[in-house]
Amino acid sequence: MTWEFFTIPPFWRVMGFWVVGDFSILITYNPPAPMEPLLTPECRVNACDRPANYESLKREFASNQNINILPNGHLVSRISDYIIYSVEAEAIDKIVAEYGPSTKVGAIVGGQTSCKAPELAAFDKYLPNDVEIISCHSLHGPNVNPKGQPLVLIKHRASDESLRFVEDLFASFQSKYVYLSGVMHDRITADTQAVTHAAFLSMGTAWHANNQFPWEVARYVGGIENVKINITLRIYANKWHVYAGLAILNPAAKMQIRQYAQSVTELFKLMLGGHREEFRARVKAAGAAVFKSGTTQHELLLQDEVLDQFSLSKGMSERMPNNHLSLLAIVDCWWKLGIVPYDHMICSTPLFRLWLGVTEYLFRNEDLLNEVLDIAIDDNTFRSDDLEFTFAARAWSECVSFGDFASYRDRFEKIQSYFAPRFPEAVRLGNEMMKTILDKTTTTTYATTVNATSSS
Numbered sequence: 001m002t003w004e005f006f007t008i009p010p011f012w013r014v015m016g017f018w019v020v021g022d023f024s025i026l027i028t029y030n031p032p033a034p035m036e037p038l039l040t041p042e043c044r045v046n047a048c049d050r051p052a053n054y055e056s057l058k059r060e061f062a063s064n065q066n067i068n069i070l071p072n073g074h075l076v077s078r079i080s081d082y083i084i085y086s087v088e089a090e091a092i093d094k095i096v097a098e099y100g101p102s103t104k105v106g107a108i109v110g111g112q113t114s115c116k117a118p119e120l121a122a123f124d125k126y127l128p129n130d131v132e133i134i135s136c137h138s139l140h141g142p143n144v145n146p147k148g149q150p151l152v153l154i155k156h157r158a159s160d161e162s163l164r165f166v167e168d169l170f171a172s173f174q175s176k177y178v179y180l181s182g183v184m185h186d187r188i189t190a191d192t193q194a195v196t197h198a199a200f201l202s203m204g205t206a207w208h209a210n211n212q213f214p215w216e217v218a219r220y221v222g223g224i225e226n227v228k229i230n231i232t233l234r235i236y237a238n239k240w241h242v243y244a245g246l247a248i249l250n251p252a253a254k255m256q257i258r259q260y261a262q263s264v265t266e267l268f269k270l271m272l273g274g275h276r277e278e279f280r281a282r283v284k285a286a287g288a289a290v291f292k293s294g295t296t297q298h299e300l301l302l303q304d305e306v307l308d309q310f311s312l313s314k315g316m317s318e319r320m321p322n323n324h325l326s327l328l329a330i331v332d333c334w335w336k337l338g339i340v341p342y343d344h345m346i347c348s349t350p351l352f353r354l355w356l357g358v359t360e361y362l363f364r365n366e367d368l369l370n371e372v373l374d375i376a377i378d379d380n381t382f383r384s385d386d387l388e389f390t391f392a393a394r395a396w397s398e399c400v401s402f403g404d405f406a407s408y409r410d411r412f413e414k415i416q417s418y419f420a421p422r423f424p425e426a427v428r429l430g431n432e433m434m435k436t437i438l439d440k441t442t443t444t445t446y447a448t449t450v451n452a453t454s455s456s
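If you're matching positions, the sequence shown starts at 1 in UniProt numbering and goes up one per residue.
Keep in mind the hints are simulated off the structure, nothing from the lab.
Every clue listed holds true.
When the alpha-carbon atoms are kept at most 30 angstroms apart in a straight line, the in silico DSS-like pairs for lysine-lysine are as follows:
#: 1; residue 1: K94; residue 2: K125
#: 2; residue 1: K269; residue 2: K254
#: 3; residue 1: K94; residue 2: K414
#: 4; residue 1: K284; residue 2: K254
#: 5; residue 1: K239; residue 2: K155
#: 6; residue 1: K176; residue 2: K155
#: 7; residue 1: K254; residue 2: K176
#: 8; residue 1: K94; residue 2: K58
#: 9; residue 1: K125; residue 2: K239
#: 10; residue 1: K414; residue 2: K254
#: 11; residue 1: K336; residue 2: K254
#: 12; residue 1: K254; residue 2: K94
#: 13; residue 1: K414; residue 2: K239
#: 14; residue 1: K176; residue 2: K292
#: 15; residue 1: K147; residue 2: K176
#: 16; residue 1: K125; residue 2: K155
#: 17; residue 1: K147; residue 2: K435
#: 18; residue 1: K104; residue 2: K125
#: 19; residue 1: K435; residue 2: K176
#: 20; residue 1: K104; residue 2: K155
#: 21; residue 1: K269; residue 2: K414
#: 22; residue 1: K254; residue 2: K125
#: 23; residue 1: K269; residue 2: K284
#: 24; residue 1: K292; residue 2: K435
#: 25; residue 1: K58; residue 2: K239
#: 26; residue 1: K269; residue 2: K292
#: 27; residue 1: K336; residue 2: K292
#: 28; residue 1: K104; residue 2: K58
#: 29; residue 1: K155; residue 2: K94
#: 30; residue 1: K147; residue 2: K239
#: 31; residue 1: K239; residue 2: K435
#: 32; residue 1: K155; residue 2: K254
#: 33; residue 1: K254; residue 2: K292
Computed from a prediction, not measured in an experiment: that's the story for all the values here.
Please put together the full structure from these sequences, using the hints given.
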């Protein structure tokens with residue numbers, strides 16, 4: 001079990017307010033144009049981490065009079081007015097059970113876990129009745145500017161006045177507030193993240209199994225390949241529990257990851273068997289369901305000139321045809337589950353928008369899609385890669401279905417160590433891609449059916 005602060009890269013700064021609570025420092029992006037500072041003499045940040053980190057953190061923040069590092073969660077909880085639990089979803093019940101009863105009378109408590117069911121259950125079970133609950137979830141990673149990004153607020157047990165306080169508190173993020181219930185949050189995060197993560201985790205596993213660094217292989221050159229490589233490395237550059245909690249603790253996510261593995265397997269079998277017409281009909285039906293009338297009127301999220309500029313490959317410029325099994329399977333999976341990805345754009349992550357961008361790029365380019373369908377049947381160049389990818393998708397699904405965090409961590413960190421030397425460059429390129437897709441999607445209008453209203 002790990003208790004931890006958010007990672008604070010050099011370009012982030014601590015945001016002070018009356019209080020901040022257990023195991024977290026609330027942070028905000030420091031853009032080129034400085035925001036009005038909130039860390040005033042009237043604002044204090046109380047924070048703690050694992051007891052072993054107490055002395056080092058005290059030294060780190062010794063020069064800041066407004067940041068008060070305390071030895072444990074009891075001391076933070078007793079004097080803080082707004083407490084944020086920033087811990088792994090797996091550990092939330094145990095930690096709230098220990099420190100929740102010490103919460104100050106009238107305080108507001110929230111959490112930053114990616115799966116709200118266990119978090120809110122722990123709050124309901126262990127927090128005193130005189131404590132309010134307003135949880136949150138920033139739908140982006142620590143290296144992404146929060147300006148314009150979705151920030152979910154869950155008014156689980158609180159007054160309107162307390163909700164306004166939290167809104168004011170996070171105002172410097174310049175994020176878009178999305179008001180959801182805990183149940184709706186978990187369903188939407190599953191719809192927009194679970195299968196996306198599974199696809200990239202499976203790609204990394206397949207490349208590792210084939211002992212490949214894909215940017216050094218001529219088969220992986222071109223715009224869509226750039227996205228696959230950079231985002232796969234970006235995911236593996238993060239901590240394992242960021243993805244494990246969502247996958248294992250969210251029931252909807254388990255079902256979707258299982259369906260993705262099934263879609264990969266069934267499409268791969270059709271390819272191996274040479275069942276051209278059945279394969280084509282299935283892919284076309286999936287595309288028609290996902291990219292149906294009303295979603296094809298807007299401009300593509302990503303164009304060739306965008307896709308081609310972010311490459312880790314050096315000296316290789318000629319694109320080789322690819323069957324893009326990972327992309328075909330994700331659309332097949334959405335079709336089988338009845339998911340229309342555009343329905344959740346209002347609270348989608350940058351990663352999801354990027355993956356949706358390359359997917360619609362393929363399916364809305366009729367010539368490219370037909371080429372991919374023919375390659376899938378006629379060209380064996382990627383067969384070994386597709387075989388390992390199919391194995392990987394099934395293995396990740398089984399790992400998630402067993403609910404074994406230790407196995408998930410072991411599998412994740414093994415691949416992580418393999419690709420680690422290229423993380424810095426991949427993260428840099430990934431940041432540029434994220435900015436590009438964010439700039440694109442903030443100027444595009446989507447038909448959104450999410451009922452983004454307060455759960456009060």
